[in-house]
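Can you build the whole structure from these sequences, using the hints too?
Line by line, the protein sequences give chains A and B.
Note that the UniProt record's numbering numbers the first sequence so that position 11 is 11, with each residue one more than the last.
Note that the UniProt record's numbering numbers the second sequence so that position 89 is 89, with each residue one more than the last.
For the record, the hints were derived by calculation from the structure and aren't laboratory data.
One thing to keep in mind: the hints can contain errors.
Quick list of in silico lysine-lysine cross-link-like pairs, DSSO-like style, CA-CA up to 27 Å [claimed, not checked]:
{"id": "1", "chain 1": "A", "residue 1": "358", "chain 2": "B", "residue 2": "24"}
{"id": "2", "chain 1": "A", "residue 1": "6", "chain 2": "A", "residue 2": "116"}
{"id": "3", "chain 1": "A", "residue 1": "274", "chain 2": "B", "residue 2": "29"}
{"id": "4", "chain 1": "A", "residue 1": "126", "chain 2": "A", "residue 2": "116"}
{"id": "5", "chain 1": "A", "residue 1": "358", "chain 2": "B", "residue 2": "18"}
{"id": "6", "chain 1": "A", "residue 1": "361", "chain 2": "B", "residue 2": "30"}
{"id": "7", "chain 1": "B", "residue 1": "48", "chain 2": "A", "residue 2": "214"}
{"id": "8", "chain 1": "B", "residue 1": "30", "chain 2": "A", "residue 2": "265"}
{"id": "9", "chain 1": "B", "residue 1": "29", "chain 2": "A", "residue 2": "191"}
{"id": "10", "chain 1": "A", "residue 1": "361", "chain 2": "B", "residue 2": "18"}
Covered by chain B, according to a simulated footprint, are these stretches of chain A (three or more residues, beta-carbon under 8 Å) [what the hints assert, rightly or not]:
{"id": "11", "stretch": "246-259"}
{"id": "12", "stretch": "294-308"}
Glycine included, C-beta positions come from ideal geometry on N, C-alpha and C.
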Amino acid sequence: MANWRKFILWFAQEHVDFRVQEFESLVKMFGLQVRLLTEQTMKPFWVVEFRDTDTALQYASRSISLRAMFELYAHSNKLPEFHQRLRNHITANWNTLVEYFRVESSFKIVVETYNKHFSQREKVEKIESMDYLPIEGPVNLKNPQVEWWYIEFWGLNPTAVPAEPEDIMFGRLVAYGQRHLIKELSLKQRKFIGNTSMDAQLSLLMANQAMVRKGDLVFDPFVGSGSLLVSAAKWGGYVLGADIDYMMVHARCRPSRITQKVREKDESIRANLKQYGCADRYMDVVVADFSNPVWDPRISFDSIITDPPYGIREAMEKVEKKISLKANTRSDNMVHYPSTSHYSLQSLYGDLLVFAAKHLKLAGRLVCWLPFHSEDYDPKMLPQHQNLILIANSEQQLTGKTARRLLTYEKCSEYSPTEPFLGSTTQLPTLSQDFRDRYFNNALESRKERRVRKAEVRKQAQVEMNARGKIPSDGRSKKRDLNKARFV
Amino acid sequence: MKLSTYNFLTSMAIKGVKVGFPLKLTISKKEVVESEFNPTFVERILPKLDWSAVYGAAQVAELTDDIPAVQPENIGENELLMQKLHHLLFEIDVLEGQLECPETGRVFPITDGIPNMLLNEDEV
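This is the structure:
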């Protein structure tokens with residue numbers, strides 16, 4: 001039986017752009033019945049009506065953007081009206097609310113104000129203004145059975161705080177979101193990380209966008225250190241990855257931590273999953289070149305979550321096609337690393353969309369990042385494919401001029417190899433094609449100028465060091481020893 | 001490499017190779033990594049498997065007593081077979097070995113449990 005209830009959703013004011021899309025993805029994934037009553041989704045507090053409390057709890061069990069959720073008692077933008085509504089709500093719903101006000105249930109009231117600071121005394125005054133609440137239980141600040149929250153929202157602009165709060169709300173704490181996972185999966189404590197490991201929060205958000213469910217098969221074709229597999233496995237997905245970088249997949253590349261000189265022997269993507277108790281859901285990682293097909297057409301993934309290389313911190317490579325006129329001098333037992341050539345963003349995304357169209361199940365999702373220069377963003381530049389529809393698209397600022405967008409596609413029709421490809425890898429304008437080139441060559445200060453400037457700073461420092469009488473250390477031989485140690 | 005992954009790997013990237021499946025598997029070192037039996041997951045992956053390659057893998061892993069040569073019907077109802085499939089596909093980890101292309105004989109080495117499917121410049 002439907003028992004519609006209103007809730008306050010309290011969001012972290014971080015990655016604001018991703019919040020609405022995460023909400024929509026989770027609603028779709030669980031098939032939740034919900035009505036959004038807040039129009040301004042930039043606000044950290046939303047009022048939302050869920051079909052029943054269980055529905056609300058399902059949402060909170062997966063959300064990364066959500067801090068906490070409260071059952072709404074009263075909401076207004078004027079103080080007298082707020083108090084009147086709170087009284088009316090309690091009287092009208094006394095039969096269901098009475099259990100929270102009984103003598104045996106201990107309680108606590110928290111005052112949360114956004115964008116305006118209040119002293120402890122003022123907060124206590126706010127609590128005392130609600131002395132009409134028929135509370136009979138004892139106060140317990142440490143471990144209360146019931147927690148009520150009084151919330152005032154004073155706008156988003158810290159330089160123009162309004163004279164009156166925009167929202168005054170009161171509710172009972174029902175559940176917390178899943179933000180504790182951000183700390184739990186933090187890269188700081190992770191066994192194996194690389195230069196481009198995705199931070200815990202964004203990778204969890206990506207897995208939510210992909211609607212990873214228990215028992216799903218999830219694939220990352222540019223797996224790197226496996227940071228996206230960690231979050232997918234945490235939500236119950238079985239994970240598979242591939243990457244062209246042999247040293248990375250084998251965790252034998254140069255360490256990314258400044259304190260670490262050599263990679264430890266037991267570092268691996270599997271070790272990461274073991275660390276978080278998901279080892280059972282590790283399938284495999286494979287060294288493979290994405291531009292060449294490796295997987296049988298039978299395989300079908302529930303979702304593909306990936307962060308392709310942009311050419312900044314990690315090179316965009318594919319195996320180069322070369323026909324040598326010289327006789328093959330390689331012997332069978334000799335390890336050979338094929339030379340790689342540049343894999344342009346354009347053809348990489350083209351390949352990625354075709355791969356997703358082929359290998360996703362119907363209604364399966366592809367979640368990936370697309371880097372670009374902020375000034376030339378045009379929705380038309382987003383890659384398209386006839387079998388995929390773009391569901392979500394949100395931006396994260398990277399540096400002054402560059403940003404990346406998290407794109408979510410859903411497979412809407414079966415791929416057919418006979419059908420001509422109508423999608424548009426060509427729609428990526430030439431501008432974002434040379435993302436790397438522009439990143440390095442069109443900066444305010446060119447690479448050469450920077451090098452010269454840095455060299456001068458170093459020279460100056462050396463002079464000062466000599467003046468202080470400190471003996472300079474030989475950085476070059478140190479680096480050489482380090483490289484040797486990695487291969488022992 | 002797990003034997004479930006083996007069921008989906010091909011050598012079709014090699015120039016001139018059409019199917020490139022099943023690859024010829026050789027195991028020189030393997031280990032058994034126990035994992036939780038999830039019948040729904042096995043059941044979901046089952047229709048996507050190529051049974052001849054499942055049986056082929058069982059032969060190489062010396063588990064033919066457990067796996068029939070021809071795919072039986074209604075495997076989902078046969079709890080025992082499901083568990084044996086789980087063991088074969090998800091618990092046996094090939095640490096060292098090789099995969100060989102059935103058409104060209106090109107060998108892909110498996111080191112530390114990770115197959116290297118990279119091709120050389122003159123093969124793509």
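Each hint tested on the structure:
1. For a cut-off of 27 Å, the pair hint linking residue 358(A) to residue 24(B) stands: about 25 Å separates their Cα positions.
2. With a CA separation close to 26 Å, the supplied pair residue 6(A) and residue 116(A) stays within the 27 Å bound.
3. Among the hinted pairs, residue 274(A) with residue 29(B) is consistent with the structure: their alpha-carbon atoms are about 22 Å apart, no more than 27 Å.
4. A distance of roughly 14 Å separates the Cα atoms of residue 126(A) and residue 116(A); the hinted pair therefore holds under the 27 Å criterion.
5. With a CA separation close to 17 Å, the supplied pair residue 358(A) and residue 18(B) stays within the 27 Å bound.
6. Restraint check for residue 361(A) and residue 30(B): not satisfied, since their Cα atoms lie roughly 32 Å apart, outside the 27 Å limit.
7. Proximity of residue 48(B) to residue 214(A) is assessed by CA-CA distance (about 19 Å); at most 27 Å being required, the pair is judged to hold.
8. Distance check on the hinted pair: residue 30(B) and residue 265(A) sit about 19 Å apart at the alpha-carbon level, within 27 Å; holds.
9. Annotation: proposed proximity of residue 29(B) to residue 191(A) holds, straight-line Cα distance about 26 Å (limit 27 Å).
10. Taking the CA atoms of residue 361(A) and residue 18(B), the gap is near 24 Å; set against the 27 Å cutoff, the hint holds.
11. Figure legend: the stretch 246-259 of chain A, annotated as covered by chain B; annotation consistent (3 residues with Cβ-Cβ distances under 8 Å, at least 3 required).
12. Chain B is given as covering the stretch 294-308 of chain A, and this holds because 6 residues of the stretch bring a CB closer than 8 Å to a CB of that chain, at least three being needed.
This entry does not satisfy hint 6, going by the numbered hints stated previously; all others are met.
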